[in-house]
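S.K.: Please model the entire structure based on the sequences and the hints provided.
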Amino acid sequence: MDLTQFLGGDAIVADLAVANKKALFQALGGIAERSMGLNAKEVVDRLAERERLGTTGFGGGVAIPHGRLAELDGIRAAFVRLERPIDYGAIDDLPIDLVFMLLSPADAGADHLKALAQVSRRLRDRAFVANLRGAVSPDALYALFASAETRDAA
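One point on numbering: in the UniProt record's numbering, the residue at position 19 of the sequence shown is 19, and numbering is uninterrupted.
The set of hints was computed from the structure by calculation and includes no laboratory data. The reader is advised that the hints may include incorrect statements.
DMTMM-like, lysine to aspartate or glutamate: derived pairs with alpha carbons at most 20 Å apart [as the list claims (entries may be wrong)]:
id: 1; residue 1: Lys-22; residue 2: Glu-83
id: 2; residue 1: Lys-41; residue 2: Asp-2
id: 3; residue 1: Lys-114; residue 2: Asp-2
id: 4; residue 1: Lys-22; residue 2: Asp-45
id: 5; residue 1: Lys-22; residue 2: Glu-42
id: 6; residue 1: Lys-41; residue 2: Glu-51
id: 7; residue 1: Lys-114; residue 2: Asp-125
id: 8; residue 1: Lys-114; residue 2: Asp-73
id: 9; residue 1: Lys-22; residue 2: Asp-87
id: 10; residue 1: Lys-22; residue 2: Asp-93
id: 11; residue 1: Lys-22; residue 2: Glu-51
id: 12; residue 1: Lys-41; residue 2: Asp-92
id: 13; residue 1: Lys-22; residue 2: Asp-2
id: 14; residue 1: Lys-22; residue 2: Glu-33
M.R.: And the structure:
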């Protein structure tokens, strides 16, 4: 599964300044509203609803907040690198600085799980994560995701 099929360059932010998880979710809602035409409050509500089930911070400074929205017609994503790490309640209790938000239609089922698995695999690759932290712009971040998909397809 090619992550760039649902991660557009306009949904990537480098060096976002937020103080906590609530502010992060609000910023992600704003990104979804601007780049995907979604209702920001609905996105924030779905992310918070999922987070109440258990943390989406899976360690190593990375979080994959995700949710399902009835109005979506396909999987959408956003990627944010934070200016400074924040406490997120991750499973390793370390702050996070890399965030990949995944939004799926309410009936996505297996496609949602496949997308989550692909994102998780990519963000467990230490070299890839180091490159994300070192990228200088949103375009450079997008190019990393695109080149990783090209490499995997070869």
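S.K.: If a hint holds in the structure, say so; if it doesn't, say that too.
M.R.: Right, here's what the structure says about each hint:
Restraint check: the Cα-Cα separation between Lys-22 and Glu-83 comes to about 16 Å, which is no more than 20 Å; the hinted pair holds. Among the hinted pairs, Lys-41 with Asp-2 is inconsistent with the structure: their alpha-carbon atoms are about 28 Å apart, more than 20 Å. With a C-alpha separation of about 11 Å, the suggested pair Lys-114 and Asp-2 falls inside the 20 Å cut-off, and the hint holds. Our distance criterion of 20 Å between C-alpha atoms is met by Lys-22 and Asp-45, whose separation comes to about 11 Å.
The straight-line distance between the Cα atoms of Lys-22 and Glu-42 is roughly 14 Å, inside the 20 Å bound, and the hint therefore holds. Between Lys-41 and Glu-51 the alpha-carbon distance is near 15 Å, which keeps this suggested pair within the 20 Å criterion. The suggested pairing of Lys-114 with Asp-125 holds, with an alpha-carbon distance near 17 Å, which does not exceed 20 Å. Between Lys-114 and Asp-73 the alpha-carbon distance is near 16 Å, which keeps this suggested pair within the 20 Å criterion.
Between Lys-22 and Asp-87 the alpha-carbon distance is near 11 Å, which keeps this suggested pair within the 20 Å criterion. About 17 Å separates the Cα atoms of Lys-22 and Asp-93, which keeps this hinted pair within 20 Å; it holds. Between the alpha carbons of Lys-22 and Glu-51 the distance comes to roughly 11 Å, so the proposed pair stays at or under 20 Å and holds. The straight-line distance between the Cα atoms of Lys-41 and Asp-92 is roughly 29 Å, outside the 20 Å bound, and the hint therefore fails.
With a C-alpha separation of about 29 Å, the suggested pair Lys-22 and Asp-2 falls outside the 20 Å cut-off, and the hint is violated. Taken as a hint, the Lys-22 and Glu-33 pair is honoured in the structure, with Cα atoms around 17 Å apart against an allowance of 20 Å.
The earlier numbered hints that this structure contradicts are 2, 12 and 13.
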